[in-house]
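A.B. asks: Fit chain W to the known structure of chain A by using the hints.
2 protein chains.
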Amino acid sequence: MTRSVRIALDAMGGDHGPVVIVEGAALALARRPQLAFIFFGEQSEIQPLLSARPALAKVSKVVHTSVAIRMDDKPSQALRYGRRNSSMWLAIEAVKKGEADAAFSAGNTGALMAMAKICLRTMPDIDRPAIAAIWPTLRGRSIVLDVGATIGADARTLVNLAIMGAAMANIVLSIGKPSVGLLNVGVEEVKGIEEVKAASRMLRSASLPSLSYQGFVEGDDIGKGTVDVVVTEGFTGNIALKTAEGTAKQIRQYLREAMTETILSKVGAFLARGALAKVRAKIIPPNGGVFLGLDGVVIKSHGGADAADTANAINLGYAMVHHELLRKIRDTLAIALSALTDGAGGGTVVDPDPAALEAARMDE
Amino acid sequence: MTRSVRIALDAMGGDHGPVVIVEGAALALARRPQLAFIFFGEQSEIQPLLSARPALAKVSKVVHTSVAIRMDDKPSQALRYGRRNSSMWLAIEAVKKGEADAAFSAGNTGALMAMAKICLRTMPDIDRPAIAAIWPTLRGRSIVLDVGATIGADARTLVNLAIMGAAMANIVLSIGKPSVGLLNVGVEEVKGIEEVKAASRMLRSASLPSLSYQGFVEGDDIGKGTVDVVVTEGFTGNIALKTAEGTAKQIRQYLREAMTETILSKVGAFLARGALAKVRAKIIPPNGGVFLGLDGVVIKSHGGADAADTANAINLGYAMVHHELLRKIRDTLAIALSALTDGAGGGTVVDPDPAALEAARMDE
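Respectively, the protein sequence lines represent chains A and W.
Take the first sequence: its position 96, counting from 1, is numbered 92 in my numbering, and each next residue is one higher.
Take the second sequence: its position 256, counting from 1, is numbered 252 in my numbering, and each next residue is one higher.
Some clues are possibly wrong.
When the alpha-carbon atoms are kept at most 20 Å apart in a straight line, the in silico SDA-like pairs for lysine to any residue are as follows [what the hints assert, rightly or not]:
#1 W:220 to A:280
#2 A:262 to W:275
#3 A:245 to W:273
#4 A:220 to A:245
#5 A:278 to W:249
#6 W:92 to W:60
#7 A:274 to A:134
#8 W:274 to W:308
#9 A:93 to A:72
#10 W:262 to A:137
#11 W:245 to A:79
#12 A:262 to W:258
#13 A:245 to W:245
#14 W:245 to A:137
Rough simulated footprint, nothing fancy, chain A against chain W, three-plus residues with beta-carbon under 8 Å [stated by the list, open to error]:
#15 3 to 15
#16 209 to 218
It should be emphasised that the hints constitute simulated quantities derived from the structure, not laboratory data.
Ideal Cβ positions, reconstructed from N, Cα and C, are used throughout, including at glycine.
Chain A with its partners taken away, still in its complex shape (with noise of 0.2 Å):
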């Protein structure tokens, strides 16, 4: 039999609380028999509903605390009232304890963000964490991190980042060797900062198995799918998703206008509404970031997130333990390592290009 996979639940975060919780742990439940659950949050809320599940309570715990982290407080202060004793905290902590394989919380992100480096700490060898986005595009998904866990990456960052997220690619989409791009301004040698550049010339020099580095990709190549994995600096990278997003609401906007404008486009819309649905259904994201970098699995759930959603980010949870994500991770960061100190060339990596200096210098 294959051994369980124990999710630690922040069951009050989220815009709904337990309700949506419990009900998204059981339908992850239903298709994924292997996972068991620790329930943190107010028993009184939560004992009720899983009495009125049987098969989620047998596989289930609950450890009460009164204390909840509001979606809108600052990290400081979700801190401050918080640290170790709300429901995130102690779902992160369970993961820290070994009681659990994977916290999951549907709550504040900074917040969480800020508990899960100060319970959990960063991997040997990562200084900062990431939150990688799964991402709907034209050949299917692609992952795009970091989407907003840190402002500012250096060459050797990024690199870190792209080691990370082809090995959450490699489990979300099934590719032995998932193709990895750095998100620049353009696709020339000469463009872009520094640090993309570098980390190019990195990457392009280490030649990990575990991934294969394609060059740089611009802001249109991720709705296109051009590589399983997409790699920028935080503050940019949630730019883009937040536009991405701000774009397909507008969309959806003008379709919805459209459709109800005259008795010829309602009577359309309502023939074409299967078809309509569809477009509808790609172009919402599948739910759930994962946390990247920390010494453990968290997953991260959209706020207004309904059960099917939670059920969802619980199962990619359950893959990252169940594929090993973190073991992943390490293999390839040992080698990179290597490959990037004392292996060949590891002089030169770093060296910019003169040739191509000289033509950024013409071309600034």
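C.D. replies: Frame of chain A, contents of chain W only:
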């Protein structure tokens, strides 16, 4: 009678060359009879096109050159063979010499910016130029800048972008005091990079008369149209623009596929074709980017633009000249300069707020 507005056209730029540029000029002239043109390029190609359009020919002049800048050349290459004698260079130089009021090209963006910087130079108090795009939003249109001219920006450069973007918005949107937002990863004051936070403090304290500063906006605020002017440095701006373009293309593709999948959806799409065409039109941004910060007006059209798009971009150039873009920018720059250096609170403007800094450290 209104003074004429003279546009210097790079007739060889873009994917279609003189055929589209001449036709675009004819369409622009039909809308704005005050326009006059100088076409730079292959006389043997341009002259016959003009001869077929007597009204246009009457207000046009052709200056022959056989040197044209290729679309894919790096700026450095373009400068090597095209400085002083290409159609692109000559169009810009006509502005420098006072023979034209604005330059127009559908050619290589990087080369156009490089030549414009060398030939026209930047305005006093402006270090680095920017490219401003007109972005369709749910509320109408917004100006977004910089979308790729300059990588990185310090606080003062971001303030200058705000000033220039507001001057352009004043003209394009006919708004006396456009609202301005700084693109950031969160609306809380503690988030984001140092330069963006410092620029925010400067814009608040300067209280410039030509714009209404609204604080931080996020990626999804662009499509919502939360503010009239969205300010960011060129790396992030370019990636935001291209990501939005990618998302729009992606959704168009989904719609196309969905609407031809079943007989029912085909009939529905046929009945709703008027509504769908309207949506398509709304998704496509109006053609024409404006180069800002230069001592002259330069308009960039999409390489693939058709005649109608070209006419839009030319008329955008007309508006910038007619409504005195450069004077408006200069006026506010002068006010900003005194408000931010000699004015009240000049010293405190760039001082970090200790409470915010402390909170930021906690939130790190």
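A.B. asks: If a hint holds in the structure, say so; if it doesn't, say that too.
C.D. replies: Verification of the hints:
The suggested pairing of residue 220 of chain W with residue 280 of chain A holds, with an alpha-carbon distance near 17 Å, which does not exceed 20 Å. For the proposed pair residue 262 of chain A and residue 275 of chain W, the alpha carbon gap of about 14 Å is at most 20 Å, so the pair holds. A distance of roughly 18 Å separates the Cα atoms of residue 245 of chain A and residue 273 of chain W; the hinted pair therefore holds under the 20 Å criterion. Under the criterion of a C-alpha separation no larger than 20 Å, the hint pairing residue 220 of chain A with residue 245 of chain A is consistent with the structure, at around 18 Å.
Annotation: proposed proximity of residue 278 of chain A to residue 249 of chain W holds, straight-line Cα distance about 11 Å (limit 20 Å). A distance of roughly 18 Å separates the Cα atoms of residue 92 of chain W and residue 60 of chain W; the hinted pair therefore holds under the 20 Å criterion. For a cut-off of 20 Å, the pair hint linking residue 274 of chain A to residue 134 of chain A stands: about 14 Å separates their Cα positions. Of the pairs offered as hints, the one joining residue 274 of chain W and residue 308 of chain W holds, with about 18 Å between alpha carbons and a cut-off of 20 Å not exceeded.
For the proposed pair residue 93 of chain A and residue 72 of chain A, the alpha carbon gap of about 24 Å is over 20 Å, so the pair is violated. Of the supplied pair hints, the one linking residue 262 of chain W and residue 137 of chain A is violated, its CA atoms being roughly 27 Å apart against a limit of 20 Å. In summary, the hint linking residue 245 of chain W to residue 79 of chain A is not supported, as the alpha carbons are separated by about 45 Å, beyond the 20 Å threshold. A threshold of 20 Å between alpha carbons decides the hint, and for residue 262 of chain A with residue 258 of chain W the separation of about 18 Å falls inside it, so the pair holds.
Annotation: proposed proximity of residue 245 of chain A to residue 245 of chain W holds, straight-line Cα distance about 14 Å (limit 20 Å). Pair hint residue 245 of chain W plus residue 137 of chain A holds up; C-alpha atoms about 16 Å apart against a cutoff of 20 Å. Remark: the region 3 to 15 of chain W is not confirmed as covered by chain A, as 0 of its residues place a Cβ nearer than 8 Å to a Cβ of that chain, below the required three. Note: the region 209 to 218 of chain W has 5 residues with beta-carbon separation from chain A under 8 Å; the three-residue rule is met and the coverage holds.
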